[in-house]
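Starting from the known structure of chain A, fit chain B onto it as the hints suggest.
2 protein chains.
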Amino acid sequence: MSTPVSAQAVKDLREKTGAGLLDCQKALAEAGGNVEQAITILRKKGAATADKKSGRSTKEGLVSSYIHIGGKVGVLLEVNCETDFVARNDDFKTFCNDLCLQIAAASPLYVTRDEVPEAAIAAEREIAVAQVQGKPPAAIQKIVEGKLEKYYSTVCLVDQPFVKQPDKSIKEILTEKIAKIGENITIRRFTRYQLGA
Amino acid sequence: MSTPVSAQAVKDLREKTGAGLLDCQKALAEAGGNVEQAITILRKKGAATADKKSGRSTKEGLVSSYIHIGGKVGVLLEVNCETDFVARNDDFKTFCNDLCLQIAAASPLYVTRDEVPEAAIAAEREIAVAQVQGKPPAAIQKIVEGKLEKYYSTVCLVDQPFVKQPDKSIKEILTEKIAKIGENITIRRFTRYQLGA
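Those protein sequences? They're chains A and B, same order as listed. Just so it is clear: in the first sequence, position 50 is 50 by my numbering, and no numbers are missing. Each position in the second sequence, counted from 1, maps to that position plus 197 in my numbering.
So here's chain A without its partners, still in its complex pose (with noise of 0.2 Å):
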């Protein structure tokens, strides 16, 4: 191989992409090292299984709920996979109840943007460009567009950062989790009550 590639960027690429351990290295040996690179690499030669995957239809899981200390919020979520073999599936069963916890203490109100009325965008949108006056308009509109990014990672379950490691996105703990478990999940639905509110 052309550059040395460590083990733990081996290890990442795979949790990643859920790619094979000689497709990771090659990879990564032809990217010198670098993890994003080799992603795209990856990409490109069909080879990471997590976006594959994401195409596959799910019609088992699990319906999992919290309820946290006291009483006064709780949540109530379904996850898909593809069999019922992985929903019942340790990784999968912690996966589901890290989502109630991070549904429970983070209160999004939407799955994915998708979900996002086409009017709170609006609203969204308007009050960012609000915000922006007398800038160039290049600079407004990239403004804008980060406040909008900022505004889908508060309210989408999937663009949050995870509360237990916030470095990371819900979406990639999911895509983790895709690789990991081999299967295509989906995170459904999800309600949560808080007391009176």
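Note that these hints are calculated values from the structure, not bench results. It is possible that some hints are incorrect.
Within a straight-line C-alpha distance of at most 25 Å, the following computed PhoX-like cross-link-like pairs (lysine-lysine) qualify [claimed, not checked]:
hint : chain 1 : residue 1 : chain 2 : residue 2
1    : B       : K256      : A       : K72
2    : B       : K377      : A       : K72
3    : A       : K59       : B       : K269
4    : A       : K93       : B       : K269
5    : B       : K250      : A       : K72
Then chain B, alone, in the frame of chain A:
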């Protein structure tokens, strides 16, 4: 007293109304031992406290949940009461757990009939009318009302027979709890997830 009153009848009457021991004894004696009539007497006197309590505001309570074995069905529920003291009471918790089981088992769609959409009621009425052609109008009216009651007792949580004790409706169990616990209790909302449904 004019009529001998059984201890069991007094107990039943107290559970149903929450009225005091002496009031119940007097009302039963006055009603010749007839519990239904005694309830009416107590109501007229304003001694049926469950009725009085049902007007009081409920801001405390519990969010509780139930996941059926296998994780294919789950329920999230909010029940309100007047004080946090009652929310932490075992009787109240048991009632919440029973309601969760009820919702999991009997799949209601609404808490009360007030929540049933007008269109759904109109559709039910239409079906019922179509089923009873060729009878006298007065009979049709009565049969249709009966079928609507049946519909409510299927889709409305409070009108459903309690799965653990089918001779009582959830509404009756609720009234008993209000009488026993001594605070107004309201079933605020619930969500039921069935995997893939």
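query = Are the Cα atoms of B/K377 and A/K72 separated by 25 Å or less?
reply = 23 Å, holds
query = Are the Cα atoms of A/K59 and B/K269 separated by 25 Å or less?
reply = 11 Å, holds
query = Hey, B/K250 versus A/K72, does the alpha-carbon distance stay inside 25 Å?
reply = 23 Å, holds
inquiry  = Checking one constraint from the list: CA of B/K256 to CA of A/K72, max 25 Å. Satisfied?
reply    = 11 Å, holds
request  = Compare the distance between the alpha carbons of A/K93 and B/K269 with 25 Å, and conclude whether the hinted pair is satisfied.
outcome  = At roughly 13 Å apart (the allowed maximum being 25 Å), B/K269 and A/K93 satisfy the hint.
Taken one by one, the earlier hints all hold for this structure without exception.
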